[in-house]
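Given the structure of chain A, go ahead and fit chain B onto it with the hints provided.
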Amino acid sequence: METNAYIDPIIFGDNQFFGINHMSENKAQALAEKFRDLKAITDVIDTAYDCGINAFMLNTHDRAMDICDHFRKDPGRYPDLCLYPSMPYAHKYANAVAEKGIFGALKDSIFSDSSTKDIFGLLTKGGSLIFSKDMMKVMQMLIDIEMKIFRDLNVRVMFLQNIVTDLLLGFGVKEVFVEFATYITDKYHVEPGFITMNMPKLVDFLLDCGIENPIVCSAINRVGYFMNPNIQDYENTLTEKRFRPIAMSILASGAVNPEDAVEYVCHKLNIRSIVFGASSRQHILETRQLVEKYL
Amino acid sequence: MLRAGIIGFGRMGITHFSIFNTHPSVKITAVCEPSAAMRTMLNKYLDINVFSDYQEMIAEAMLDFVVISTPTDSHSEIIKCATDNDLHVFSEKPFALTAAEGKKILKHLKNKNLVNQVGYVNRFNEVFMEVKRLLDEGAIGEVKNFHSEMYGATVLKDSKSSWRAKRKTGGGCMYEFASHCIDLVIYLLGKPDKVMGSIMQRIYSSDAEDLVSSSFVYANGCSGRIMVNWSDETFRKPTNIVTIFGTKGKIVADKHTYKIYLKEPNHNNRFHKGWNTRYITDFAKSVRFYVRGNEFTRQLDYFVDCIEKGHMNNISSFAEAYKTDAVMEEIANDANRLSS
Chain A
1 METNAYIDPI IFGDNQFFGI NHMSENKAQA LAEKFRDLKA ITDVIDTAYD CGINAFMLNT
61 HDRAMDICDH FRKDPGRYPD LCLYPSMPYA HKYANAVAEK GIFGALKDSI FSDSSTKDIF
121 GLLTKGGSLI FSKDMMKVMQ MLIDIEMKIF RDLNVRVMFL QNIVTDLLLG FGVKEVFVEF
181 ATYITDKYHV EPGFITMNMP KLVDFLLDCG IENPIVCSAI NRVGYFMNPN IQDYENTLTE
241 KRFRPIAMSI LASGAVNPED AVEYVCHKLN IRSIVFGASS RQHILETRQL VEKYL
Chain B
1001 MLRAGIIGFG RMGITHFSIF NTHPSVKITA VCEPSAAMRT MLNKYLDINV FSDYQEMIAE
1061 AMLDFVVIST PTDSHSEIIK CATDNDLHVF SEKPFALTAA EGKKILKHLK NKNLVNQVGY
1121 VNRFNEVFME VKRLLDEGAI GEVKNFHSEM YGATVLKDSK SSWRAKRKTG GGCMYEFASH
1181 CIDLVIYLLG KPDKVMGSIM QRIYSSDAED LVSSSFVYAN GCSGRIMVNW SDETFRKPTN
1241 IVTIFGTKGK IVADKHTYKI YLKEPNHNNR FHKGWNTRYI TDFAKSVRFY VRGNEFTRQL
1301 DYFVDCIEKG HMNNISSFAE AYKTDAVMEE IANDANRLSS
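Heads up: the protein sequence lines correspond to chains A and B, in order.
Following the numbering used here, the numbering of the first sequence begins with 1 at its first residue and continues without gaps.
Following the numbering used here, the numbering of the second sequence begins with 1001 at its first residue and continues without gaps.
One chain only, chain B, in its complex shape:
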């Protein structure tokens, strides 16, 4: 049985608790949360040790792994403390606030046999997993161009009270939203060699951007564009859409459906020449326990699996998430340069 501690009991912490609490090889023994009201409630209803200080929790609770679901600006120091104590770490996204911090953590992790994962759930969505498989197979030939878009109705007015509305605490559309969109590009097509024409635009927020767009350029001749807007009320839920154009065809995908256009039939995948539509019902697989979406359970079960089997080559590792941090920083620098 793996002993787990959760640090930060907000929206994601609660979701992770619910999923891990039903895992047959996990026992959540500790939760750390700054809110006194929440701690009182946890003590009253759950049989766990409740802490207000994560260092104390890590020192006392005899854990195997921690889940970090705190504001982004605290990730680095908590990760450092956890890995110093030889704990496996699952951290919410994004990884760290700056690329330099991320690099330091990666260096620190070297030679430590610890499973590390960042909560980029798109990597565990069945449609995007399928698109990845098709791209790796070369189903649409050499990829030449793409669009990766993400929209949502998360911020429709200026909210000064939340950490999510302030860039310096890791809020804003870039860290909170665009990170998913950029990670999806990196997952499917790799890290761009250069970003250009970047824009970080305010719509409602006064301390952070609400829209991010940028062009990605690759040394192999591929290029693409990301467009992220979290102030678009025409989307009921956060929505990712990727369009990928290759020499042999094209793929358009969201979390529920993908369409693939092929110049020639692909018998192995049962695709006709021309358009082929596949719905998530065609290949969705159930999970042992569902909260908010299959991908949330799949990513945590995968994390536990990696610990149990000693797999260090994690699909959404810190090293992968560092690439997204680096790209976000490049976009911000590019946007600042352009605006000044």
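Okay, chain A solo, but in the shape it has when bound:
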């Protein structure tokens, strides 16, 4: 299982739109307020697109659906658009799991999607039987539900979101990773990717699974923030293992200045693709120039 599709050097991140800031809860709140209106989000996306950034990361969040609708409404406006979504949006499931348990949350999720209701009704005659007998089938259904958000749009890589990737990595069940990769590739002709907080361990594991030259997105910054077990193992894995790294959190939530951040990631580590989020034209242009300087 190996493909080598082009990965954009700059992927525009979306955490800022959803009020996510890893360093400060006040900042996160301020962001949520700023991007309360969809128009505030699409204005920034349009600005980024007009600055020559075609690649956008999207978490499968409620706002992601609205953003996709915005793209679909005017395809002529975004001829070169390509998306790098991740799934599932774990916080959406977390409360459901707390309330109804794991199987309850899965069932709700699948039942709430009307197109799967009929087929699922047939399969669930034995209560939760389907879940235990064929977890892979359940995963396929969940992928189908989340992929619908991106219908008619150009998806380049579909990522497994980090909480799920890392939880499953801890379990070490190879079938899940192989099945995710195969299903995404075969059914949607989209490259599978994995977001992680444990990049060295995940890369070794994916290679062990036979997923060759995998796409792995992880925090990479010169202060080692969100880099487990340590920065040295990251640097070693980058030199020694064959995979396609994508760097996120390069600024370590503001602990590193942009020039040093890009110099470290693109020049010193020779990484060809980064995720960054920004809210102003000035900031977008500056980051683009930096990447072009060091890449």
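It cannot be assumed that every hint is accurate.
Straight-line C-alpha distance at most 30 Å; calculated DSS-like pairs for lysine-lysine [stated by the list, open to error]:
1) B:K1285 x B:K1132
2) B:K1044 x A:K187
3) B:K1259 x B:K1157
4) A:K174 x A:K137
5) B:K1027 x A:K174
6) B:K1323 x B:K1250
7) A:K27 x B:K1237
8) B:K1191 x B:K1104
9) B:K1157 x A:K27
10) B:K1104 x A:K27
Worth flagging that the hints you see were computed from the coordinates, not collected in a lab.
Positioned in the frame of chain A, the structure of chain B alone reads:
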């Protein structure tokens, strides 16, 4: 190699499994879970022994320690069975359903050389660990007053189906949420000598409280207030905020940042006079394997470390968690008294 068994395979059980399963000195050999569907799945995908009865698991699986991540009302009896069989125990919070049950377990544990820990993860969060160090150093002088707040969007409607929505099974905002907030106060400042003005208020739930607030009074002249609301949808994730006022300054901290105001500079800690902000990126340390947050791995690795080194003086021991149980009970009694 330590042989581990996990009892209860819900959200926390799964997280603990993932973290322990990657630990170089731990082998998870058994899981106990009441759901037949989950057991079938575990048998299919994992190389472990799966049980539906924890007593059977403890008797047969030749374990060194167990992890208890079941509803709170079952903690006491499982802990008793595990410690009777000389197993070290990591239990999810809160410790027991009543202070009397907790006391009985502590008595039962006396003279047994067993590591015991309760999953109060805030004690392993880098910011709160740093705040604790500063308080112990006397950086803000004598503590006179504090606020400890916790908010989250966990319950936004009445959920009758879950054990978490019923107080008698250990659900409700007090056991599930406020326990973290109270434990954080006890960790940082000790157990209050008296609680007063307590309120347990329903917002959405019909069988449990969604909001808890109370005033804490200490014999040394310190006082403070806790405010916990798990039905506040303005918070994307459960959020703890502590504000601590002392004679020489003040600290405001959440899981990611702390600000310290000092009347005089503190050269040892490189603080200026006035406000100083420190972000988690300034002192965060990586963990060997990350799932959901550094503190989850740090607390379990610490537990294993205590077993390996024979350290019984655990930072989040049953004896510490008992203090939180006792305070929760006092708050509930106080709130009942006031409302009747």
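Hints versus structure:
no.	hint	in the structure
1	B:K1285 x B:K1132	holds (17 Å)
2	B:K1044 x A:K187	holds (25 Å)
3	B:K1259 x B:K1157	violated (35 Å)
4	A:K174 x A:K137	holds (16 Å)
5	B:K1027 x A:K174	holds (18 Å)
6	B:K1323 x B:K1250	holds (25 Å)
7	A:K27 x B:K1237	holds (14 Å)
8	B:K1191 x B:K1104	holds (20 Å)
9	B:K1157 x A:K27	holds (28 Å)
10	B:K1104 x A:K27	violated (46 Å)
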